[in-house]
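Given the coordinates of chain V, work out where chains Y and X should sit on it, guided by the hints.
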Amino acid sequence: MSRKPASSKRTTNRLANRHTNRSSNRAASRTSNRSAARKSSYAQEYQELNFRQQEYQHAEYKQSGSLLTTDDLSSLHVGGRDSEQDKQVGPVYGMTKTKRHFIVASVLVIIFLLVVIFGGALVPYNPYAQDLMNARQAPSAAHLLGTDQFGRDLLSRVIEGGKFTVFASLILVAFITLFGGLLGAICGWRGGWLDTLIMRISDVFLAFPGMVFAIAVAGVLTGGLMSAVIALACISWPKYARLVRGLVLSTKNMAYVDAARMSGKKGITILMCDIMPNIAGPIIVTAAIDIGHMIIEIAGLSFLGLGAQVPTPEWGAMMSNGRSLIQLYPWIILAPGTACFIAVAVFNIFADACRDMFDPKIREA
Amino acid sequence: MGAKRGEHIVRVRTKTIGIIFVAAIAVLLLVLVGCASSGSNARSSANSFTYGTTSTWSTENEDHGFNPHNTYCGWTTVRLGVGETLFKFDDDMQIQPWIAQDYTFTDDTTAVITIKDNVCFSNGKKVDGQAVKECLDDLVANHDRAPSDLKIQSIDADGQQVTIHLAEPNPALMYYLSDPYGTIVDMDSECDEHTCVGTGPYVVQSTSGDTVELAKNENYWDGDVHVDHITVRNISDGDTLTMALQNGDIDAAYGIPYLDRALFDNNSGYHISQTATSRVFECAFNYHHSVMQDQNVRRAICMSLSSEEFVDILLDGYGETAVGPFPDTFSFAADPSDAAPYDPDGARQLLEQDGYTDSDGDGYLDKDGQTLEITWLTYPSRQELPQLAEYAQSKLKDVGIKVDVNNTADHRNFVRSDDFDVYASAIVSAPQGDPQYYFTTQYLDSSSYDAGHYSNPQVTADIETLSTTFDTQERSDLARQIQQEVLADNGYYYASFLQMAIVSNNRVSGLEAHPCDYYELTADLRVN
Amino acid sequence: MLFRIEHLCVSYSGIPALSDINLDIDQGEFVGLVGASGSGKSTLAKACVGLLSPSGRIDSGTIAFKDRNLVGAPASKMREVRGAHIGFVFQNPGTSFSPIRRLDVQYNEAMAAHGKTDTKENERLLLDTFAKLGLSGGKRILQSYPFELSGGMAQRVAIAFAIALRPELLIADEPTSALDVTVQAQVISELMTLRKDFGTSVLLISHNIGMVAYCCDRMCVMHDGRIVERGESRQVLAHPQDAYTKKLIAAVPSISASVPASSSGTSKKGVS
Chain V
1 MSRKPASSKR TTNRLANRHT NRSSNRAASR TSNRSAARKS SYAQEYQELN
51 FRQQEYQHAE YKQSGSLLTT DDLSSLHVGG RDSEQDKQVG PVYGMTKTKR
101 HFIVASVLVI IFLLVVIFGG ALVPYNPYAQ DLMNARQAPS AAHLLGTDQF
151 GRDLLSRVIE GGKFTVFASL ILVAFITLFG GLLGAICGWR GGWLDTLIMR
201 ISDVFLAFPG MVFAIAVAGV LTGGLMSAVI ALACISWPKY ARLVRGLVLS
251 TKNMAYVDAA RMSGKKGITI LMCDIMPNIA GPIIVTAAID IGHMIIEIAG
301 LSFLGLGAQV PTPEWGAMMS NGRSLIQLYP WIILAPGTAC FIAVAVFNIF
351 ADACRDMFDP KIREA
Chain Y
1001 MGAKRGEHIV RVRTKTIGII FVAAIAVLLL VLVGCASSGS NARSSANSFT
1051 YGTTSTWSTE NEDHGFNPHN TYCGWTTVRL GVGETLFKFD DDMQIQPWIA
1101 QDYTFTDDTT AVITIKDNVC FSNGKKVDGQ AVKECLDDLV ANHDRAPSDL
1151 KIQSIDADGQ QVTIHLAEPN PALMYYLSDP YGTIVDMDSE CDEHTCVGTG
1201 PYVVQSTSGD TVELAKNENY WDGDVHVDHI TVRNISDGDT LTMALQNGDI
1251 DAAYGIPYLD RALFDNNSGY HISQTATSRV FECAFNYHHS VMQDQNVRRA
1301 ICMSLSSEEF VDILLDGYGE TAVGPFPDTF SFAADPSDAA PYDPDGARQL
1351 LEQDGYTDSD GDGYLDKDGQ TLEITWLTYP SRQELPQLAE YAQSKLKDVG
1401 IKVDVNNTAD HRNFVRSDDF DVYASAIVSA PQGDPQYYFT TQYLDSSSYD
1451 AGHYSNPQVT ADIETLSTTF DTQERSDLAR QIQQEVLADN GYYYASFLQM
1501 AIVSNNRVSG LEAHPCDYYE LTADLRVN
Chain X
2001 MLFRIEHLCV SYSGIPALSD INLDIDQGEF VGLVGASGSG KSTLAKACVG
2051 LLSPSGRIDS GTIAFKDRNL VGAPASKMRE VRGAHIGFVF QNPGTSFSPI
2101 RRLDVQYNEA MAAHGKTDTK ENERLLLDTF AKLGLSGGKR ILQSYPFELS
2151 GGMAQRVAIA FAIALRPELL IADEPTSALD VTVQAQVISE LMTLRKDFGT
2201 SVLLISHNIG MVAYCCDRMC VMHDGRIVER GESRQVLAHP QDAYTKKLIA
2251 AVPSISASVP ASSSGTSKKG VS
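Protein chains in written order, with my numbering: chain V, 1 to 365; chain Y, 1001 to 1528; chain X, 2001 to 2272.
Be careful, since some hints might not be right.
[Said to hold, decoys possible] Short, incomplete list of chain V residues facing chain X, as computed with Cβ under 7 Å: (1) 255; (2) 256; (3) 263; (4) 274; (5) 277; (6) 278.
Since the hints were derived computationally from the structure, they do not count as laboratory data.
Since the structure is predicted, the reported quantities are computational estimates derived from the model, not experimental observations.
Cβ atoms here follow ideal geometry from the backbone N, Cα and C, with glycine treated the same way.
In isolation and in its complexed conformation, chain V is listed as follows:
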C-alpha cells in the first residue's frame, strides 16, 4: 500500500490520534448505534448497507493508495463524534509564500511612491532649467540619462514628473474602476430595466469614437492634466461596468448567494459583502494593467491642449514630444518610457499579490 508522505504535522497527528483511539471506540459505538437503529428492519438493513459500502470503499481506497488507511476508515463511526479526524481543522497561521510576496510587493510600491512624492527634492539638477549649450547630450557621467532638446537633465525631469503622471493615472483608474464597477454591480445584481438602460448608455459611450468625445470635453473645460483625466474618465468607465456586471452575473447564481438570501440579508449587503469580495481578483488585475494604458491615453490627448502643459515633465508628454527624436536621440524618449515601464511593473506585481491575498485558498497555501 502506498501512502503519500505526511508533509505536514497536521496529517501525522491525525493518524497518530486515530490509532490510539481506534480500538476502544470502535466496538463501543458500533454496538450502541446498532441498538439505536433497530427501529425497523429496514433501518437496520440500511445501516448494514452503509457498513458494507464502507468496506467496499475500504478496498478501493486501499487500491488507490489514498492518505487514509483501512484502519483509519473503520474507526469512523456513524452517528458519533469524529473529533479525531477534525482535530487539525482550522486556520493555519504564519507566513505563507503568498503573504511574503504581498509584503515584498507592498514594500516595492511604497518605495516607488516615496520616490515619486519626495524625489523632486533630491534631484541632481533643476528639472526646469534650460541649458541650451548642452542640448541633446547622450547619457554620460554628468547626466545619467542624458539631456533633452532644451539641455534639461532627463533623470531629474523623470523623477520630478513622476508625481504628475502616476497620480493622474492612479486617480483616473481608481475612478473608472469604482464608478464603472459600482454601476456594473448594480446592473448585474438587479437586472431589469435599470440594467438595460445603463448597458445601452454604456454602448453609446463605447461606440462613440473616444477622440471625438475628448474634443467635446476639451471644448468645455480648459486644458490641463485634470481635464484630460476627466475626459478619459468619461469614456473609459463602460469597460469596467461590463466586466463587473459579467462577474456579478456569474456569481449571482452560486449557492452561497442563495444561502446568504436565506439568512435574511438584504440585497445590497449580499452584493457588497458576499459577491464583491469574491470577484475582486480580476478587477484588480485589469485595473493594474490599465494604469499603463492610461498614461499613454493621457499623452494622446495633448494635441488638444489637454494633458500636462509645458514645461511640466509629465512622462506621457515627454514620450509623445520626443517621438520624432527617436531615431537620432533615442534617450529622450527612453528615459520616460523606462520610468513608465517600472511604474506599470510595480503596480502589476502589487495587484497580483493583492489578488492572491483575496483568495484564502491561495493565501494560506
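Chains Y and X only, in chain V's frame:
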C-alpha cells in the same frame, strides 16, 4: 476494446482541433503580411515615381481638390504639375512669363496681357484670350479671397490678348494672378475635386482618399515630359513620412520635419533641395489686454528672445533667423538694426524702470500686487511652434515674466475670444512675393488675420500709399519703412523662417524647392 | 398548522414544473419528499422560500406559513421569515458558504441581518448548538475558511447555522446527496436531533427513498411535478398504491448477506 476506441476518438479530435488552430493562425499571418506589403507598392518601375507630402491633397489645408476657384485647391493643381498660371515666380521672387508672354498697364486701372501662341490644354484645346477670360471670370465670381485681391471689374478677350479693367488701381495685380488660384483651366471641361484640365505636364488619372494618380500629359506644350506615371500620397504625420522615405515606400518627400532632417543630411542615399521660405514664425501681442498695452513689457519680451539662439540651437540650424516678416532674400526685408536687440539684462532693467519688482520673492516680477504673467497661445501642427513656446517660457522666466503655455489644436477659438496675451503662429508672409498682402492682412485693425488688434495710424496711412504705388523701388522703400514703424512699436516679434526641404532618393532628379512654395512636380522631373 | 401549501403551480418560462401541489407540515413533524431527478423537488423547496430562479414563476396557489401567505409577499417580509422562521440547508455544502470569508464573519453577518449584533452572545448560541449536535472544536471551526472543512463537516456546520435562530421549520434540499456514505447517516441523525431537542419541523427532500423512510414520519412521493403518493413512511413503503412508487421502491438495492465483495451493489432488486 471500447476504451481503446474511445481513446482513439479523443486523440483524433484533439489532433483535429489542434490542426484547425494552427491553420487559422497561419492563414491570419499570411493575410497580415500580405496586407502590410501591399501598402508599399512603390518599388516603382523605370518611369514611375512615388511622392509623399504632408501638405498637398489634405483635407486639413482645404486643398483636397483640383478646382483652383475653390479655396486653396489651386495649390494642389499647381504643385502637382496639373495646371499653370499666367506668370510664375523665379528664385528671386520676381515674376516671369509662363502661359502669358508679357503684360502692360495701359493706365492705372487697365492691364493688357498677351498669351503665348503655342499653349494648349491637356485635351488639345488651344489656350487663347477667350479661354483665359472665361477662367478668370469664374474665379472672380466664385473664389473667396481673389475678388478683393484682384479688384477686377470686367475682362475683354481678343485673339491672344486679354484686357482687364480694374475697379481701382492695383499695381500688384500680376503677383496676385500668379497665386495658384489664378491657374488657367479649361472651363468647358470638368473641374472639381477629382480632376481638372490644365496646361501642366501631368494629368489626373484617378484620386482616392489620400492618393492621387497622375499620368504624363501627351499634349504638353512646353517640352518633353520624362516620367510616365506618378503616385502622390498625402501622409499627414511627419515622422511617418520620414519612415516611408527611409524604407523606400516613397521616392521623395515634402514636409520632413526639421528634427528628422539630420537623418538625410550627409546621407549618400539622398539629396536635399532646400530653401528659406517666407513662412514666418511670428508672435502677435494682444493689444486688448492691459498687460500687453504697456510697450515696456512688449519690448522686454522682444529683448529676451534671440532668433539666432532659437534657430542655431533649438532648431539645429534648420531654419532662418528673422528680424521682420520677410526673409532677407527679399529686397524689401527689414533692416536688422530696426529690431530690438537681444539683451535679457536690459529687458529686466526696462521692467524695473517701469515699476516692476519681485516684491514677494517668487522669482517673478510684480506690480501693485499683480504678478507679471502672460498666456502664450500656440498650436502643435508645426513642430517649431511648441519648441518656441517652451524656449520663450524659459527665457522669460529668467527675466521674471511668468508664461503659461496653451498649446492646442483648437487655437482659433481662443483667438476669436481674445483669450491670449501672445499668439505664436506660422504664416506665409509673401506668397506672391509682394509685401502688400502681409501688411493688409496683419497690420490693419480691420484685417482678417490681425489677431493682436495691432493698429497705428501712421502705418495705416503708409499701407494706403503703398496700394497706389507702382514703382518697384518705391514699393520696397515704403515696405521697409512700414516694417521699421511696426518694429519700433514692438507690435510683433518674429522668431524665425521655415526652411523648406524636398528630400529625394538617388533615383530622382529635377525636384527642386522654391521659396514661394508653389512649384514641386514639373517637367524637369526625371527618374532612373 | 405550521406550514401549508395549497394548489401550488410553478412554471419555468411557461413550461409547468409543479402542478397542484398540496402539502402540510405540523409543528415538530419530520416530513420527507422523495422523487427522481427532475421531478420538481428542488423547485418546490425553492418556491417555499422565494428562491426561484428569474425564469421561474409561481402561477397560482398559496404557501401559508403560520397562516400568512408567502406567495407575493414583499421582500421585507420574506427577509424577516427566512432564517428566523424558515431555515434552509443546501445540497452542496462546499458552495453554500462564501469561499473567501471566515465562517464566524459570515455567521455574524447573518445574525446581524436579523438584528442580533452582539457577537459574543451569537457565538455562545452557536457553540451551544454545535454541542447539541455533537460537533466539537467549534471555536476552531468558526475561525476556519469554508474550504478548510471536509464536506461532511461543512454540511453539519451549515445545519447549525441554519437553526441558529431556532426557526420553526427547516427545509433540507438533498442535504446528503453530495456527501459520502460515512457522513450521510451522521447528518441524518443530526436532523433527527433537531426535532427532539428544539422541536423543529423538518422537510427533508431526497432521492434516497431508503433514507427518507428511515427518518421521516410522513413521506410524499413526487413524479413529474405532482405528488403521486403520500402517507406514513412505513405505510407507503410496505403498501405502495401508486405504480410509480412501486417502481421506485423496487429499484432500491436490496440488502442480503451474500453481497459480492467486488461490486458496489447497484443492481440488486428486492425489498424485505
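How the hints compare with the structure:
1. Taken as an interface hint, residue 255 of chain V checks out: its beta carbon lies about 4 Å from the nearest beta carbon of chain X, inside 7 Å.
2. Interface restraint check: residue 256 of chain V against chain X, minimum CB-CB distance 5 Å, threshold 7 Å, status holds.
3. The closest approach between the C-beta of residue 263 of chain V and any C-beta of chain X is roughly 4 Å, which is under the 7 Å cut-off, so the hint is satisfied.
4. Taking 7 Å as the C-beta cut-off, the interface hint given for residue 274 of chain V holds, the closest approach to chain X being about 5 Å.
5. Because the smallest distance between the Cβ of residue 277 of chain V and any Cβ of chain X comes to about 6 Å, under 7 Å, the interface hint for this residue holds.
6. The interface hint given for residue 278 of chain V holds, since its Cβ lies 6 Å from the closest Cβ of chain X, which is under the 7 Å cut-off.
Checked against the numbered hints given earlier, this structure breaks none of them.
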